[in-house]
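Asker: Throughout, the numbering used here is defined as the position within the sequence shown, counted from one, plus 1.
Think of the hints as simulated: they come from the structure by calculation, not from any bench. Note that the coordinates shown come from a computational prediction; the quantities given were computed from them, not determined experimentally. All residues carry an ideal CB built from backbone N, CA and C; glycine is no exception. Fair warning: there could be bad hints in the mix.
[Claimed, not checked] Calculated pairs, DSSO-like style, for lysine-lysine (alpha carbon to alpha carbon, straight line, at most 30 Å): (1) Lys161 / Lys71; (2) Lys555 / Lys574; (3) Lys555 / Lys351; (4) Lys71 / Lys555; (5) Lys574 / Lys351.
[As the list claims (entries may be wrong)] Ranges of calculated distance between the beta carbons of each label pair, as one might list FRET restraints: (6) Glu313 / Pro500: 48 to 58 Å; (7) Asn94 / Pro405: 35 to 45 Å; (8) Thr407 / Asp146: 57 to 67 Å; (9) Asp146 / Thr289: 21 to 31 Å; (10) Pro126 / Arg588: 57 to 67 Å; (11) Phe151 / Leu306: 39 to 49 Å; (12) Asn94 / Asp251: 33 to 43 Å; (13) Gln127 / Asn342: 26 to 36 Å; (14) Gln202 / Glu313: 32 to 42 Å; (15) Glu618 / Pro500: 38 to 48 Å; (16) Asp32 / Gln95: 46 to 56 Å.
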Amino acid sequence: MRDLRAALVLFPVLLFLCPAAPLKADEPLIDQLEHRLAALTSEEYHGMPGRDRRPPLSLLRLKQARLAEKWSLPEAEKYARQGLESLDLATQNQLPPLESGELNELAYIATNDGSAQPYYLYLPPQFTPDRAWPLIVFLHGYVPDINVLFPWILGAEDLKIAGELGALVLIPYGRRNTDFQGVGEKDVLDALTEVLSRLGQAVDQDRLYLTGVSMGGRGAWHIAAHNPGLFAALAPIAGHTDMPRWWGWDRSTMPVWKRWLNERDNPLDLAENLRNLPIFVQHGAQDTLIPADQSRRMVTRLRELGLPVEYEEYPDAGHYIYWDPETYRLAWTWLLRHRRNLSPRRVTYKAYTLANNPAATAFWLTLGPIQHWGEPAYVDANRLSNTEVRAQARNWVSLAAHLPRTPAARLVVNGQPYTRYLTAVRKILALLCPDAPSESRDLAGPVADAFLAPFVLVYGTAGSEEQTAELRAQAERFADDWEAFADGRPRIVADRDFPGDRRDLTPILFGTPQTNLVVSALAWDLPVRIGNHRYGVGDRVFSGPTLGLALRHKGRVIFAGEYWGSHLSVNHKWDAIPDYIVYDTSRQEYDGTDQHLCAGLFDENWQINPALQTLYEP
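Could you put the whole structure together from the sequences, leaning on the hints where they help?
Answerer: Next up, the structure:
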């Protein structure tokens, strides 16, 4: 891996940093850095995520120093010294200049868990900020031991190609090996936002490109599909496009909620969203890790839809075609020929949730909440002229189309004309379901979606000392699992210390109404009943010493009973938890998850929907 330790920060530091705390002259550099950063932590919010004032690069350097001191104290001190230098500059509201012709290691503070997350930005040797440059977003492949000391980054020869082509390259860290799903996808978009904010007009936003290799190829597919209109072109390399097929899972036997969880991020199921996006795919025909069939089937599906795609398959090549720098030259040269078209005549968009598209936009369309939860929503809209859009839509509460304010402007959806004009956004609104709940179900999603927003782990103290110790141990275990997965450690607090006034903070609660004060306060609003290893769902009751429950209801997450997922790896441990599940830890399903006894998705009113629920029948 390349030596990035002298790299520079890319983050607009807040102007109100606290002064450095007095330090002992003989205090180790790592401790000095840790103490100075601690002095910047907001006392009002007890270091909760979302309100952090610490400079991100200094926080990253502290993380790197603590890792490095396990094998080299001089190396650890080097990181600590760089962190102190970065902190000194930040307290003076100064940002060191970026190095052209180099890969700059940068960082931001993740709002969900308050951790410093790195990303890497390459500027061509000829870079100047007085012109707009194209930007290539590159997503890395899977490496089991990836961390902030040894990230998966492009080599000097690869970056030299980008320099010759006159392109910037952004390499997100992706929170380790997340398949760039969930928190990994958020990391990509957050890193991109950081770069666009800092460089401003120096980035041509009509020439943003997305590419990736292997795991990153898969990430490129679904991130582009979730965000139509963001990128100008797409170039996946040796990536899989159908996760259930790759794992050998039979979708027809999946519970309805597990099929929904798989399809929401599955590129093959989101192919319609790639309309208007030029795509160039590369794959080795002899690939045994991710068979070329994964790309072939996706290309076939895109062509069936009449979408633009070019496919290059190498007859004698295996998986690692991206070890050859010429693979990048071919992909990047192709990408740079394209510019984004923000006004296509036809837009198609399919969504299972809008958690992956917070702006709820697809080119010139803005989409409202999903009407019936658990079913995909779809729209096929055609701009017939500058003043008229006709669309076929299903399962949306509303949609709006960008049109000029003129008497002739109209939006026709499912044969019904709409003319209500929203002046502030210059759009005509079609309210397709006037009686939809006022509290948007799209603000929710399954349990893993709770980890996209600021969250804190809250263990119960209302039970016995033994119960409190067990719940705290579960919270610590969760924090360990999260850190191993997403390279950040969430805050842990007792229920009595949870800041209930923090409406922007999601509590991840451990315990029952009898053992956790926060769970007790909200139990009246839950559509399930929670006891000591005893859970009621509708007219059914499940009990036993090996059972547990997990649920997300109106943004709050509850874990009760036995700890979830002991037989799963740290990667995607929580991805298979729907809105609610009662599970048995003594038995596991085909994918390694604990055997569900009763599980499903809540409806749009946050109630049990029998059509979205399955019961285990031995």
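Asker: Which hint numbers doesn't this structure obey?
Answerer: Hints 1, 4, 12 and 16 not satisfied by this model.
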